[in-house]
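Listed here are the chains, written in short residue letters.
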Amino acid sequence: MTHLVAVDNKNHLNTKIDLSKIEQHGADLHLVPVVLSEFIHLAVQYPIVLTKHGETGQFVFSAMLGFEKNENLFWQEEQWQGLYVPLQVRRQPFFIEAIEHQNNSEHDNNELVVCVNMESPALSNNTGEALFDINGQESTFFQEAKDLLAQLLTGEKENNLLLESLTLMGLIQPMSLDITFVDQSSTKLLGLYTIDQEKLTSLSKEQVLTLYQAGLLPSIYTMITSLGQVHALIDLKNKRLNYY
Amino acid sequence: MSNPIKTVVIVGGGIAGWLTAGRLAAKHKAAEPNGVKVVLVESPNIAAIGVGEGTWPTMRNTLLALGVSETDFIRECDASFKQGAKFTKWVDGSDNDFYYHPLVLPQGFGKGDLAAHWLAKENDGSSSSFSNDVCFQEAICEQGLAPNRLETPEYADVANYAYHLDSGKFAVFLQKHCTNVLGVRHIIDNVTDINTGENGDIASVITLENGNVEGDLFVDCTGFSSLLLGKHYQVPFKSCSDVLFVDTALAVQVPYENVNQEIASHTISTGQEAGWIWDIGLQHRRGVGYVYSSKHSSEEQARALLAKYVGDKFDALTVRKIPIVSGHREKFWQNNCVAVGLSAGFLEPLEASALVLVELSAQMISEQLPQSRDIMDIVAKRFNETFLYRWEKIIDFLKLHYILSKRTDNAFWTDNRDPQSIPESLKESMALWQYRAPADNDFTSNNEVFPAASYQYILYGMGFKSDYSQTAYALDDVDFAQHHFTQNKKLIEKAISILPKNRELINKVIDFGFNRI
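From first to last, the protein sequence lines stand for chains U and F.
With our numbering, the residue at position 185 of the first sequence is 185, and numbering never jumps.
With our numbering, the residue at position 154 of the second sequence is 154, and numbering never jumps.
Excised from the complex, chain U in its bound form (with noise of 0.2 Å):
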């Protein structure tokens, strides 16, 4: 559940979070949105694909977790067993929403606010980390959350500029995953999407100099090698189908 509020340090001033229960927001993702910037240290332990958002139809890159609904391979025992936890995960429970200002008619800009998660498990009024000192101060750890959001804000900017370039350029393709476990049972994946390698090196000099000049060529390589790691995550499913 989510009831999104947005942080003051009146109604916020003794709020805590309690840092070892932010991870519990990823416990039930099989897949989940990330942006370019994270793309290097994602890459070491997960597949990185797109997917279609599910409201609106559209391309999103997410990172695999799991096989199926709800199933995050890298959630054992009440903790993130992964080396690095995206962006998405970490910066729970505090979003950025867009708030309109419709007496101010000469600017329709929308403001930008920082709001936190109400029904969040990691909110607490005694352990954790506090947002604000008892002055009303925002702090460290507050300003490193609002770093986090940043990020994401920006991240968003540049998966467009690459979303952009890849359909333009005809360079995503879907890729359907046919895989049998240990335990003889099989999946077949669909609608997942990633970068047509083929298409990639029939590009002309004019696209390729395009992708290297806005910086993107790093982000699709990173993009293609990560699909190794669909071995690494079968290798965690077949070791969990044991376990049980």
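What the hints contain is simulated information worked out from the structure, not anything from laboratory work.
Treat the numbers as computed from the prediction; the structure is a model and nothing was measured.
A few of these clues could be false.
Listed below are the simulated DSSO-like cross-link pairs for lysine-lysine, each with C-alpha atoms no more than 27 Å apart in a straight line [to be verified]:
#1 F/Lys508 x F/Lys121
#2 F/Lys465 x U/Lys188
#3 U/Lys188 x U/Lys157
#4 F/Lys501 x F/Lys465
#5 F/Lys27 x U/Lys199
#6 U/Lys69 x F/Lys406
#7 F/Lys490 x U/Lys188
#8 U/Lys69 x F/Lys501
#9 F/Lys89 x F/Lys381
#10 F/Lys489 x U/Lys69
#11 F/Lys465 x F/Lys393
#12 U/Lys188 x F/Lys231
#13 U/Lys69 x F/Lys6
#14 F/Lys508 x U/Lys157
What follows is a list of derived Cβ distance ranges for each label pair [claimed, not checked]:
#15 F/Lys6 x U/Gln213: 42 to 48 Å
#16 F/Asp476 x U/Gln58: 49 to 55 Å
#17 U/Leu161 x F/Arg303: 57 to 63 Å
#18 F/Val478 x U/Lys69: 34 to 40 Å
#19 U/Leu168 x F/His186: 57 to 63 Å
One-sided excerpt, in silico: chain F residues whose CB lies under 7 Å from chain U [stated by the list, open to error]:
#20 Leu150
#21 Glu151
#22 Phe512
#23 Ile517
C-beta: ideal position from N, C-alpha, C; glycine also.
Starting from the known structure of chain U, arrange chain F on it as the hints suggest.
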């Protein structure tokens, strides 16, 4: 090569004109210097008829061939998804009388005779309707669901679909694409006369302000007036009003109650005392019309029935009266002139055959476009044979809907069952189908407009029984039947769980668009 075909002139700018221009220009690279030139002459003061709001699934391939995006098409043509037709009150006219002609083939079609098994189920009372037992699409339509999801790539589907569209907007949409992208030259002018050469070919059409417009092939898309094929070449019109009785349509555009009102994802065709009412849901309005036989109903009575169907809003609406002259030209390609659309012929819109015939004509002309005048007569002969066959088959198929009815409330229905009014070809087929289900080999075309499956949906939807007692071994493959009946139930369950409401999907396509992959 002597007498090369370098320029095609299309006369008339409705959907028929622009679709033909588009198919030709796309295939023969009209935008490039070495391509075939495509010129479309359109009169500034003749309005398009604007009928034909229902398409066949073939329209998806047509749009693909023209190179347009499905999202743009849906946004600009007020288009919605169509998953076949629901026929209500066609069998006995009672309130729960309905059946579907869906666009998805019956389960296992072509692999075995599921219809035989369904008839056996029907005999022992364990069946629901034919279309619901053998196809998963009826259930989707009944729940108001779309045939695909936003995540589905454009032109792909979960269940086969066609479109409902605003024909006026569609013509404008095609025109823009043809002139901006495909290199079609657009001349807005009135054709006043025709110049012919010694061999009787049209050399040019004379226009009021642009002089002679010369061409090697002329496409007559001038609508009912059939300016080139009918008026100039005097190719006779073959009426079929002795088979299909409706001759008048009263049409209205009905606004939705509110922006959230559901949009049916199928055409609804409701039997009336002297004809039937079409009901087509677009994004912003419904298109509703009563097609009837003026020999069996007065206009006053027809208006009253349409008013009853539409409800309170009717009084505020403008009623358009459109005459329907059922039939077609005796041939469609004469000399260097071929007719596409209403200039070739027209039939009541019962199975949306108008636009599909335009598509098939445009496709065949562009695929078979002769390189030289010297070989054009061969193409013309084949075109004529192909399309005469198609018109005949469509007439048979439309008539089939009437002869299976058991309605007796008006002479319209009983007259329709008079053997005198039934074409011999249809009588022959019906004689065979007494003992078995329609099958692919009943038809000789490799590009049949209505496949055997469509005949099965109408026959068994309307309560026709094929008697398999002589060939009871047709029921031996019990596993096949069991598998497909079960599979159909599973598909219904799955489709219902993953498909959005029709209105919801259309709104999302407008907001976000489909992806190409």
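Hints and how they fare:
no., hint, result
1, F/Lys508 x F/Lys121, "violated, 41 Å"
2, F/Lys465 x U/Lys188, "violated, 42 Å"
3, U/Lys188 x U/Lys157, "violated, 32 Å"
4, F/Lys501 x F/Lys465, "violated, 35 Å"
5, F/Lys27 x U/Lys199, "holds, 25 Å"
6, U/Lys69 x F/Lys406, "violated, 52 Å"
7, F/Lys490 x U/Lys188, "holds, 18 Å"
8, U/Lys69 x F/Lys501, "holds, 23 Å"
9, F/Lys89 x F/Lys381, "violated, 42 Å"
10, F/Lys489 x U/Lys69, "holds, 24 Å"
11, F/Lys465 x F/Lys393, "holds, 22 Å"
12, U/Lys188 x F/Lys231, "violated, 61 Å"
13, U/Lys69 x F/Lys6, "violated, 59 Å"
14, F/Lys508 x U/Lys157, "holds, 23 Å"
15, F/Lys6 x U/Gln213: 42 to 48 Å, "holds, 45 Å"
16, F/Asp476 x U/Gln58: 49 to 55 Å, "holds, 51 Å"
17, U/Leu161 x F/Arg303: 57 to 63 Å, "holds, 60 Å"
18, F/Val478 x U/Lys69: 34 to 40 Å, "holds, 37 Å"
19, U/Leu168 x F/His186: 57 to 63 Å, "violated, 30 Å"
20, Leu150, "holds, 3 Å"
21, Glu151, "holds, 4 Å"
22, Phe512, "holds, 4 Å"
23, Ile517, "holds, 6 Å"
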